[in-house]
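Protein sequences appear in the order of chains E and U. Using this note's numbering, the first residue of the first sequence is number 1, and each one after it goes up by one. Using this note's numbering, the first residue of the second sequence is number 1, and each one after it goes up by one.
Since the hints were made in silico from the structure, they are not lab data. Hints may contain errors.
As the list claims (entries may be wrong) - Label-pair restraints from in silico Cβ distances:
#, chain 1, residue 1, chain 2, residue 2, range
1, E, Glu293, U, Gly344, 33 to 43 Å
2, U, Arg262, E, Arg158, 42 to 52 Å
3, U, Gly87, E, Ile228, 53 to 63 Å
4, E, Glu142, U, Asp225, 45 to 55 Å
5, U, Gly45, E, Arg263, 49 to 59 Å
6, U, Asp77, E, Asp77, 27 to 37 Å
7, U, Glu289, E, Pro424, 16 to 26 Å
8, U, Glu374, E, Glu166, 36 to 46 Å
9, U, Glu91, E, Pro424, 47 to 57 Å
10, U, Arg262, E, Glu142, 29 to 39 Å
11, U, Asp226, E, Ser70, 53 to 63 Å
12, U, Arg432, E, Ser70, 51 to 61 Å
13, U, Asp226, E, His71, 49 to 59 Å
14, U, Gly195, E, Thr157, 54 to 64 Å
Said to hold, decoys possible - Derived lysine to any residue pairs resembling SDA-like cross-links, with alpha carbons at most 20 Å apart:
#, chain 1, residue 1, chain 2, residue 2
15, U, Lys29, E, Val395
16, U, Lys44, U, Asn90
17, E, Lys64, U, Pro424
Here the structure is a predicted model, which is why all the values come from computation and not from measurement. Backbone N, C-alpha and C define an ideal beta-carbon position, used for all residues, glycine too.
2 protein chains.
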Amino acid sequence: MPNKIVRLTTRDVRFPTSDHLDGSDATNKDPDYSAAYITLETEKGDRGYGLIFTIGRGNDICCKTVEAMSHLVIGKDFDDIRTDIGGYYNELRSDSQIRWLGPEKGIVHMAAGAIVNAVWDMWGRAEGKPVWRLLSKMDPEEFVNCADLRYVEDVLTRDEALAIVERNIATRDRRIRYLEDHGYPAYTISAGWLGYDDEKIRRLCREAVQQGFSHIKLKVGANVDDDIRRLRNIRETVGNDVILMVDANQAWEVNEAIEWMRRLAPYKPWFIEEPTSPDDIMGHRKIKEGIGEIRVATGEHCANRILFKQFIASDAIDVVQIDACRLAGLNEILTVFLLAAKFGKPVCPHAGGVGLCEYVQHLSMIDYVMISGEIGERVIEFADHLHEHFEDPCVVRKGAYLAPTAPGFSVRMREQSVADYEYPGGSQWRARVGRTGG
Amino acid sequence: MPNKIVRLTTRDVRFPTSDHLDGSDATNKDPDYSAAYITLETEKGDRGYGLIFTIGRGNDICCKTVEAMSHLVIGKDFDDIRTDIGGYYNELRSDSQIRWLGPEKGIVHMAAGAIVNAVWDMWGRAEGKPVWRLLSKMDPEEFVNCADLRYVEDVLTRDEALAIVERNIATRDRRIRYLEDHGYPAYTISAGWLGYDDEKIRRLCREAVQQGFSHIKLKVGANVDDDIRRLRNIRETVGNDVILMVDANQAWEVNEAIEWMRRLAPYKPWFIEEPTSPDDIMGHRKIKEGIGEIRVATGEHCANRILFKQFIASDAIDVVQIDACRLAGLNEILTVFLLAAKFGKPVCPHAGGVGLCEYVQHLSMIDYVMISGEIGERVIEFADHLHEHFEDPCVVRKGAYLAPTAPGFSVRMREQSVADYEYPGGSQWRARVGRTGG
C-alpha cells in the first residue's frame, strides 16, 4: 500500500523585526525575520513541516522555488523515501534543469533543503520521535547513506565516514542520556546587536550571565572605536571569565580584517565570525594566520559542502558554523559534521533568525551522539525571540538547549502565527504594507 | 530634467531544445534553452534589454526574482545611473534583505546581472554605440569605477587595476581597428554534444573545419571508452592540427578526473573544462597538478568574483571561463578580466545557450581593447543555434565573431520569437505543456 505525498503548500511568513533593530549587524541592517514555510501531506494523512529562513524581501521567491520543485515531491511514496532518503535527497538537489540556477547554492539549494527537512520532520512524526533520536538509532551504514559524499571523496571517503560513525556506536546510549539530563551548551546573541546602545548591551550582558550563559557574542565591524568601547564595556560588566565572541558579518576586506582584529585583541575574543566574504577560503586562511590567538569562524553563509570541504581541509578556519536552512537540509549537514570530525574542528551552528534554533538543536545532538562523540568547545547560538510562534519551541535553561522530546524537527509553526504574519495579507501586515518596499 | 526608469517587464521565454538533445552533456541531460527576458523603459522612452540564460525549469523563478528587485529599478534616474554605474551596480547586488538569498550567488546574483546588463544596453542604445565601443572610449578612472573590487583588494588593488588599464590606452585604437577588420576568434561546440552519434559528430567536425574553425570541443564524462572512441574518430577526421578541447560538465570526483584525463591524454586535448564541482578551487588545483600538459578550465558555473579570485590567484586553473549571465553583469565580469590579466591567464568565455554568444562577444572585445591587450590563445565559444531570435544576432565568419556594430548589448529578442516561445502560453508551447514537468 503506497503512501504518496499528495500536497505541498507554501506560506510567506514575515515578522517585522526591523522595527526594533533586533538582528541588526554590519551587513544586515534592517532584517524582517521571515520563513518560507512549507507543509507536506501524504494520502494517509502524514504531515511534515519545513522552512527556509530569510530576512524579508525574497521570501516569496523562496516559496515560488519550492513550488517549482513540486514535480520532485508530489506523487513520491513516503515509504520509498524512507527506504532511501539519501537517494531522494539527490533527486531534490540535482534536478537536471533547476540545477543550472545554483548549482547547489542559493535559493534552489535552500529550497531542496526545506523539502528534505520537511520529509525528516514527517518521518519523525510518523515514528513518534524527535529527529535527533531518529538518526541516533541508525546503524552506521544507514546513517552514512544519508550523507552527501558527492564531490568530497578526495577528502572524505565513504570508508572514512563509516569509520567515524562506527567508533561511536558502542557509547552512544551514554551520550543520549547525557543530553536528556544536561542538554547541549548554548551561547547568546540576544545581547549584542549592532543597533543597541551601550546601556542596553550592558544590561543584557548582565542578564545573560545571570541566566547561566558562559558565552556572549557582540556584533562588530561598523566603526572600530565603537567596537573597542563596547568590548571594554562588556569586559567591565561581565569580567574576564565569560567567553566573548565577535561577529563582523562580512564587513571587511581581508587585510582590513587583520588590522581591525589586532585592535580588538586586548579584549580577548575567542573567535571572529565572518570577517570577510563567506566564499573566500584563502582570505580566511590569511586572516587566521594574521591574528594570532583569535580563532576564525564562518559558515552561516557557506553555500554547500564543497566550500566547507575546502575551508576545513585547508585549515582556513578554526570553528565551523552551519546554517540549517542554507545547505540542502540535514543530509548535506551530516557531510559537514563528518568533514569537521575528520579534521578535529568544532561545529558551532548559527541560529537565531526564526526557526533556526529549533532546527539546529537536533543537528548538534546528532553530531554529538553519532559523529564527533564530544561537546568540547562546541556551543549552539541562541537568540531569545520568535520562539512563541512554534508548536514545540526550543527550550534553553541555564545556558543549555534541553533535548527535544516532541516528534519531528520542531519547526511546525502555530497556525495563528502563520495567519497573523503571512505577507502581505496577514493581520499584522495589512496596516504596514508599503513600508518595507517588499 | 530627470529621465526615470518607469517600467520593468519580464517574459519567460523557452525553446524546446531537449527534443533533439542539442546541448546535452554529462550533467545537463535535457536542457530547454531559455531566457528570463527583461525590458526597461524610461519616461523619455529609452529602452534597454537584458536576459538570464537558463535551461528550462526555474526560468519563471528568475523572472520573479527580477520583479522582486523592482524597488531598485523603478524611479531610478537613467542619467544618475550613467554618472555612477558602479554605484548603481552595488545597490543591485547588495539589497540589505535580498542579499541573504545568495549572498552574491545563484538566482539573486543573476537577476542583478540581468538588470545592470539591461542598463548597459540602454546606455549603448542612447549613445548609438555597441556596448564594447561604449567602454572602449572610457578613460582608465571611469573604466575601473565600473568594476567591482569589493572583497578582492587583497589580490587586486584599485591602483593595480588602474595600471592595467592605463598601459593599454595609447594603443587601443589599433585594437579597435583590428577587431573591426578581423573579428575575434571563435571555437565551436555545435559538433560535439553528448547525445550525438559518431557519424553525426564526424560530419559536423568536417563541416566545422571547412567553415574555418581551428578549435573544436567535445563533451565527455559519461563513459570513458565512448570518450576514447569519439576522440579517436575526431582526430582521424580532422587530423592533429585542429585544437581539441573536452568538457566534462562537472561529471567527476577530483581523483576520478585525474584518472579519466590520463586515459584521454593520447588525443592531445588542449584543456579539460569543468572536470569537477565548479566550487572546488583546491580540487581543480589538484587535478591540474595531476594531468601534465593538459590545461584545466572552468568558470561557466563560477558564482562570483570572489571564487574567481581564488581560482586565478592560487593557480588552480589555466583557462578562465566566464558566463555573461551567471555573474552580476558586465561590472563583475570586468573584475574577472582584470584579475586574469594580473595573473596572465587567458579568458575564454562560455557561450552557446541562448543570447550568450550575443553578450560575450562584447565582453571579449572590451577585454582585448582595454584590459588584456592581446588575443593570444583566447577564443570565444560559439554554438550555431537560436541566433535567429535576436534583432542583432552575432555573426561568425571563418571562425571569428565579427565586431558588433548595432547599438546596445545585442540581446534584444524579436517580438515574434518572444510571443511564439513564451512559456507556457506561446504558440510553440501550448501543444506541449505537461511534457517537461515545467
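Against the structure, the hints:
1. E:Glu293 to U:Gly344: 33 to 43 Å: With a Cβ separation near 38 Å, E:Glu293 and U:Gly344 satisfy 33 to 43 Å, so the hint holds.
2. U:Arg262 to E:Arg158: 42 to 52 Å: 23 Å, violated
3. U:Gly87 to E:Ile228: 53 to 63 Å: At 30 Å between Cβs, range violated.
4. E:Glu142 to U:Asp225: 45 to 55 Å: Once the Cβ atoms are compared, 35 Å apart, the range 45 to 55 Å for U:Asp225 and E:Glu142 is violated.
5. U:Gly45 to E:Arg263: 49 to 59 Å: Since the Cβ atoms of U:Gly45 and E:Arg263 sit about 53 Å apart, the hinted range of 49 to 59 Å holds.
6. U:Asp77 to E:Asp77: 27 to 37 Å: 56 Å, violated
7. U:Glu289 to E:Pro424: 16 to 26 Å: 54 Å, violated
8. U:Glu374 to E:Glu166: 36 to 46 Å: At roughly 57 Å between Cβ atoms, E:Glu166 and U:Glu374 fall outside 36 to 46 Å, so the hint is violated.
9. U:Glu91 to E:Pro424: 47 to 57 Å: 23 Å, violated
10. U:Arg262 to E:Glu142: 29 to 39 Å: Taking Cβ atoms as reference, U:Arg262 and E:Glu142 lie about 36 Å apart, which means the hint holds.
11. U:Asp226 to E:Ser70: 53 to 63 Å: 35 Å, violated
12. U:Arg432 to E:Ser70: 51 to 61 Å: With Cβ atoms ~19 Å apart, the hint is violated.
13. U:Asp226 to E:His71: 49 to 59 Å: Taking Cβ atoms as reference, U:Asp226 and E:His71 lie about 30 Å apart, which means the hint is violated.
14. U:Gly195 to E:Thr157: 54 to 64 Å: Violated: the Cβ-Cβ distance is about 33 Å, outside 54 to 64 Å.
15. U:Lys29 to E:Val395: The given pair, whose Cα atoms are some 47 Å apart, is violated under the 20 Å limit.
16. U:Lys44 to U:Asn90: 25 Å, violated
17. E:Lys64 to U:Pro424: 16 Å, holds
The structure fails hints 2, 3, 4, 6, 7, 8, 9, 11, 12, 13, 14, 15 and 16 (numbered hints given earlier, in ascending order).
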